[in-house]
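Asker: Okay, here's what each chain looks like letter by letter:
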Amino acid sequence: MEKPNLKKLTEDLHFECLASKALLDRIPQSAYVSDLLSDVMGKAQADMIWVTSQVHKNIVAVASLKELSAIVIVNERPVEKELLEQAENEEIVVLSSNLPAFETVGKLYNYLDTRR
Amino acid sequence: MQFEYDIQGGDFSSAGKASSDIKKVLKQLNIDPQIVRRIAIALYEAEVNVVAHAYKGVMKVDLDAQKIKIVLEDEGPGIENIERAMQEGFSTASDEVRQMGFGAGMGLPNIKRNTDEMHLSSVLGEGTKLEMMVIF
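So the sequences go chain by chain: A and B.
Under this note's numbering, the first residue of the first sequence is numbered 1, with each subsequent residue one higher.
Under this note's numbering, the first residue of the second sequence is numbered 117, with each subsequent residue one higher.
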């Protein structure tokens with residue numbers, strides 16, 4: 001089956017897009033879950049979706065340097081406008097999930113796995 | 117080509133600026149994307165180390181057709197035991213820094229893994245010097 005882009009994924013998994021809507025045609029390759037920035041720097045691969053509960057601006061820098069596909073912020077954590085502006089500038093898609101990390105990742109795993 | 121950046125201790129909102137700048141330059145020079153990614157990781161970790169631990173620092177980047185050399189010198193507390201600092205999982209970062217997801221003791225090992233040469237030296241109470249090189 002054809003891999004879904006971020007737009008389809010966002011709709012199917014009921015995420016909300018907070019930044020860089022224009023870039024939702026990206027096709028993500030797998031995902032990585034961590035709240036440790038160095039862990040993401042070291043282990044995440046380009047085009048992955050990054051699931052995290054961190055909401056400070058440095059996550060945009062990490063996602064940009066690693067060329068990640070999108071950041072998914074869990075638990076509907078409030079995100080500052082400044083972060084979203086920076087994400088738009090650096091072409092980083094920011095999605096919000098209303099579920100905790102475990103459920104978010106479970107849904108994402110099944111979704112990406114069945115379409116491999 | 118030479119570049120120089122001032123890094124302010126504690127200024128997390130600017131951390132990553134120098135790394136992202138250099139990454140753009142390397143991309144424009146058509147350096148192998150795999151190598152660019154390795155350099156970006158090392159630069160970012162080094163930048164964050166200065167922000168998280170030192171009062172201030174300078175990052176100097178020297179670039180030619182074969183390699184990139186990066187030197188970071190900071191004024192700060194220095195590193196008491198470099199061997200220990202290099203161990204994965206060891207960190208002296210504050211709770212505040214850890215809450216941001218830094219200070220997992222992975223920065224220096226990440227730098228080591230992603231560079232061809234790395235040298236760390238420090239004078240306690242004065243500062244730390246990190247030299248690294250990646251060959252294209």
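Hints may contain errors.
Claimed, not checked - No more than 27 Å apart at the CA atoms, straight line, and that leaves these computed lysine-lysine pairs for DSSO-like:
(1) B/K143 - A/K57
(2) B/K228 - A/K81
(3) A/K43 - B/K228
(4) B/K185 - A/K81
(5) B/K183 - A/K57
Stated by the list, open to error - Listing some non-contacts, in silico: residues in chain B with all C-beta distances to chain A over 10 Å:
(6) S129
(7) K139
(8) R153
(9) E161
(10) V164
(11) K172
(12) L179
(13) E189
(14) E191
(15) P193
(16) A201
(17) M202
(18) D211
(19) E247
No lab work stands behind these hints: they were computed from the structure.
All residues carry an ideal CB built from backbone N, CA and C; glycine is no exception.
Asker: So, for every hint listed, does it hold in this structure?
Answerer: Here is what the structure says about each hint:
This hinted pair checks out: B/K143 and A/K57 have alpha carbons roughly 23 Å apart, not beyond 27 Å. Simply put, B/K228 and A/K81 have alpha-carbon atoms about 35 Å apart, too far for the 27 Å limit, and the pair is violated. Among the hinted pairs, A/K43 with B/K228 is consistent with the structure: their alpha-carbon atoms are about 14 Å apart, no more than 27 Å. With a C-alpha separation of about 36 Å, the suggested pairing of B/K185 with A/K81 is violated against the 27 Å cut-off.
Our distance criterion of 27 Å between C-alpha atoms is broken by B/K183 and A/K57, whose separation comes to about 31 Å. With a minimum CB-CB distance of about 5 Å to chain A, B/S129 fails to clear the 10 Å threshold, and the non-interface call is violated. Not every C-beta of chain A lies more than 10 Å from that of B/K139, the closest at about 6 Å, which undercuts listing it as non-interface. Remark: the non-interface label on B/R153 conflicts with the geometry, its nearest Cβ contact in chain A lying 7 Å away (cut-off 10 Å).
Non-interface call for B/E161 relative to chain A: violated, since the shortest CB-CB distance, roughly 6 Å, does not exceed 10 Å. The Cβ of B/V164 does not lie farther than 10 Å from every Cβ of chain A; its closest approach is about 8 Å, which violates its non-interface assignment. Non-interface status of B/K172 relative to chain A is upheld: no Cβ of that chain comes within 10 Å, the nearest being about 19 Å off. The beta carbon of B/L179 sits about 18 Å from the closest Cβ of chain A, which is more than 10 Å, so the claim that it is off the interface holds.
Distance to chain A confirms B/E189 as a non-interface residue, since its nearest Cβ pair spans about 22 Å, more than 10 Å. The beta carbon of B/E191 sits about 22 Å from the closest Cβ of chain A, which is more than 10 Å, so the claim that it is off the interface holds. Residue placement check: B/P193 keeps its beta carbon more than 10 Å from all beta carbons of chain A (closest about 20 Å). Listed as outside the interface, B/A201 is consistent with that label: its C-beta sits roughly 14 Å from the nearest C-beta of chain A, beyond the 10 Å cut-off.
Listed as a non-interface residue, B/M202 keeps its Cβ farther than 10 Å from every Cβ of chain A; the least gap is roughly 14 Å. Residue placement check: B/D211 keeps its beta carbon more than 10 Å from all beta carbons of chain A (closest about 15 Å). Against the 10 Å criterion, B/E247 stays outside the reach of chain A, whose nearest CB is about 20 Å from its own CB.
The structure fails hints 2, 4, 5, 6, 7, 8, 9 and 10 (numbered hints given earlier, in ascending order).
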